[in-house]
Amino acid sequence: MAAAAPAASSASAALGLTLRKLFHRKLVLAGAVALVALVLLALFAPLVSPYDPTALKVLERLKAPSMLHWFGTDEFGRDIFTRVVVGARYSLTIGILTVAIATVAGTLLGLCAGYFRRLDTPIMRLVDAMMAFPDILLAIALMATLGASLFNVVLALAIVYTPRIARIVRASTLVVRELLFVEAARALGVSTGRILFRHILLNTTSPILVQSTFIFAYAILAEAGLSFLGVGVPPEIPTWGTMVAAGQQFADNAFWVVLYPGLAIMIAALSLQMVGDGLRDLLDPRLRKSL
Amino acid sequence: MSIHSLNAAARTAPAASAAEALLEVRGLRTEFRTDAGTVTALHGVDFSVAPGETLALVGESGSGKSVTSFSIMGLLPKPAGRIAGGEIRFRTHDGGVVDLARADDAQLRTLRGRELAMIFQEPMTSLNPVLPVGEQIADAVRLHLGVDRKAALARALEMLELVEIPAAKQRLREYPHQMSGGMRQRVMIALALSCEPRLLIADEPTTALDVTIQAQILVLMRKLQHEFGMGILFITHNLGVVAETAQRVAVMYAGRIVETGSVREVFKAPRHPYTRGLMDCLPANALRDQAGHPQRLNAIPGQVAAPNRQPPGCAFAPRCAYAEARCNAAVPALETVAEGHATRCLRWSSLP
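Just so you know, the sequences run in chain order A and B. Counting along the first sequence from 1, when you hit position 134 you're at 155 in this note's numbering, and nothing is skipped either side. Counting along the second sequence from 1, when you hit position 75 you're at 554 in this note's numbering, and nothing is skipped either side.
In short, the hints are calculated from the structure, not lab data. Keep in mind that a hint or two might mislead.
Derived DEER-like restraints, expressed as beta-carbon distance ranges [what the hints assert, rightly or not]: (1) A:A34 - B:T513: 49 to 55 angstroms; (2) A:K42 - B:N717: 39 to 45 angstroms; (3) A:P155 - B:Q782: 27 to 33 angstroms; (4) B:G574 - A:A34: 37 to 43 angstroms.
Computed from a prediction, not measured in an experiment: that's the story for all the values here. Yeah, the Cβ is synthetic: ideal placement off N, Cα and C, and Gly gets one too.
Between the sequences and the hints, there should be enough to build the whole structure, so can you do that?
Shown next as structure tokens:
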């Protein structure tokens with residue numbers, strides 16, 4: 022116990038130092054602040070806005086932004102600010118779940134392909150074949166087969182982005198597996214599974230982390246794209262994508278219907294990219310010196 | 480669980496079986512399958528290591544020193560490398576004898592770290608960069624001794640103190656990049672010895688270190704050998720280190736042992752032209768002018784023939800100043816020079 026306490030404090034000190042370095046750049050800090058604000062809004066959505074995101078009020082339809090309705094109202098009189106905030110819940114959840122599934126699956130595939138010579142060709146040819154399709158096209162094809170639902174969007178996007186993680190993990194594994202400490206671990210009687218997950222995986226976490234941040238951003242964009250095209254989330258669920266899709270026919274005389282959900286998509290994707298850039302620069306030793 | 484109880488067990492074991500070899504390698508042949516066909520890296524290697532003894536395995540790059548150590552550890556690159564013949568008899572803690580050449584992967588895995596351990600040439604890369612060193616030692620201890628995390632960390636601390644790392648308690652939580660090369664090699668030694676293996680294979684453990692640090696590490700290894708009573712197979716190309724550490728030496732050339740004997744005897748009267756050549760290469764033996772200033776190092780002309788282009792007879796004959804026609808006829812047998820001293824040279828008795 023005595024040994025655990027200082028270890029924890031030195032670990033948190035190291036984390037503090039890392040964060041300070043990370044936020045040293047204004048752009049990264051801005052991205053992180055925007056991201057945290059979005060997440061907080063999504064978490065406390067009912068407290069932020071007094072309106073019901075789904076109740077129809079035909080009399081209030083297509084009202085311009087005002088003190089009463091900050092972002093205006095849509096074609097059914099629903100408060101757009103409320104719907105953007107509630108939509109953040111769906112869009113961010115879809116993003117997180119997609120990243121989680123893609124990262125786990127991609128990491129497993131990449132580790133196996135990189136470590137076991139025999140599995141390399143079969144796994145990587147499959148990955149190459151999947152990467153040959155444009156992301157959104159593959160996602161549309163998958164959605165067409167799976168059918169439109171919230172879970173299927175997550176599944177389709179996870180399938181689309183798994184190969185990206187797999188490629189990066191394989192590349193890192195190929196490098197790390199040749200390092201002497203892997204040989205040294207084997208000379209100590211460490212089993213293959215433990216070498217894979219304790220020694221190799223631990224040394225590939227930074228590229229995985231960076232790529233996951235980017236995939237988070239892509240997933241939010243792709244979900245919006247799928248919903249806009251009508252093959253994603255069913256229109257009654259307020260995600261940013263479905264809001265833009267439903268609003269586009271009114272965009273001529275009620276720009277706010279598409280502007281605000283569109284802005285939300287942009288801010289979310291941009292802030293994730295900025296944080297991802299910062300992480301990459303921080304974790305890449307060649308770029309670290311310039312920070 | 481303390482270091483003292485572990486040590487007591489290790490100390491009494493060699494005494495009981497001192498007469499029996501700890502490691503006995505007989506006719507070890509190791510092959511590699513390559514695109515150009517099968518290449519034989521070891522053509523029947525014989526040697527033995529007694530408990531508490533240090534055997535130095537000496538030779539140039541490509542002579543088969545490292546292949547020998549990887550064959551013993553069962554760490555030959557798969558599927559290219561394999562042991563094609565011979566046996567590696569190893570006596571474990573409980574007194575049983577295992578043939579490592581025939582042991583399966585699972586069996587080897589339980590032996591590695593517990594019964595045989597290895598330290599490497601490059602201390603800079605042989606530790607995992609993202610784990611604290613204490614964690615790495617504790618991992619090995621938990622794996623082989625089955626103790627809980629707390630006891631394993633306590634053992635790691637004991638080991639760091641044993642290898643004379645100052646402020647061991649703080650160092651326990653540090654990462655390899657926070658340490659110097661000499662310090663990391665100490666950690667590697669602590670890691671390798673944490674489960675008190677009976678045999679330590681040291682593959683050029685001091686080559687990458689400063690000369691001053693080299694001496695410290697050698698002294699440390701001797702101290703630990705005294706304490707743990709383990710046998711050491713010391714692989715090196717540095718004859719100075721051999722004189723410093725080993726009781727017996729085996730000189731390898733092109734996958735065969737060409738001369739073996741006690742360090743004192745082999746160094747005083749080498750009976751193989753290759754051993755002699757190695758010793759002439761030492762800067763202290765450089766050619767000197769009249770004033771006694773060193774002029775030029777005595778290099779052995781030529782280089783080791785590629786394993787797939789070995790001459791039919793003595794592999795060293797093409798580079799040997801004493802070679803005769805009969806040297807090329809067949810591979811010479813290992814002939815006894817004196818008790819415990821043997822050489823693989825037809826002309827050993829007539830060497831000037």
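Fill in: CB-CB spacing for Q782 (chain B) and P155 (chain A) relative to the 27 to 33 angstroms hint
Check failed, 55 angstroms falls outside 27 to 33 angstroms.
Practice prompt. With respect to the beta-carbon atoms only, verify the hint that K42 (chain A) and N717 (chain B) lie 39 to 45 angstroms apart.
Written response: At roughly 43 angstroms between Cβ atoms, N717 (chain B) and K42 (chain A) fall inside 39 to 45 angstroms, so the hint holds.
Worksheet item: Honestly, do A34 (chain A) and T513 (chain B) meet the 49 to 55 angstroms range at C-beta?
Response: 51 angstroms, holds
Item to complete: May I ask you to test the hint 37 to 43 angstroms on the CB atoms belonging to G574 (chain B) and A34 (chain A)?
Response: This hint is violated: roughly 50 angstroms between Cβ atoms.
The structure is inconsistent with the numbered hints 3, 4, although it conforms to all the rest.
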